[in-house]
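> Sequence:
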Amino acid sequence: MQPSLSTGRKRPVNLTLSDALVAQARTYTDNLSATMESLLTEFVATQQQAQLTRQQTVDACVADWNAVHTAMGSFADEHSTL
2 MQPSLSTGRK RPVNLTLSDA LVAQARTYTD NLSATMESLL TEFVATQQQA QLTRQQTVDA
62 CVADWNAVHT AMGSFADEHS TL
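Numbering (the working numbering), first residue to last: 2 to 83.
Rather than coming from a laboratory, the hints here were simulated on the basis of the structure.
There's no promise every hint is true.
Now the in silico label distances, taken between C-beta atoms and shown as ranges [unchecked claim]:
#1 His-80 to Glu-38: 52 to 60 Å
#2 Val-69 to Asn-15: 46 to 54 Å
#3 Ser-75 to Val-23: 56 to 64 Å
#4 Ala-26 to Thr-54: 26 to 34 Å
#5 Val-23 to Gln-48: 20 to 28 Å
#6 Val-59 to Thr-82: 30 to 38 Å
#7 Val-23 to Asp-65: 47 to 55 Å
#8 Val-23 to Phe-76: 53 to 61 Å
#9 Phe-76 to Leu-41: 32 to 40 Å
#10 Thr-82 to Val-45: 45 to 53 Å
#11 His-70 to Gln-25: 51 to 59 Å
#12 Gln-48 to Asn-15: 16 to 24 Å
Glycine residues also receive a C-beta, built at the ideal position from the N, C-alpha and C atoms.
Model the full structure from these sequences, guided by the hints.
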């Protein structure tokens, strides 16, 4: 089981953010680091799910094409010059 991304060891990183955006964000949170970590955790989880969904779609497509090839053969078989 993989540990939660937000509970691991923490380290400082440099971010470049707009002053106006940071000022606005500070009106909604007093812990900008925790807020950014929460948003980044959600972003990573969303991207991982999207990647998994794409891979499952590709796997299903490959399985479908393999089933067609098994059932009917390749359309190029009758045109082979060999």
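> Could you work out which earlier hints the structure fails to respect and list their numbers in ascending sequence?
9
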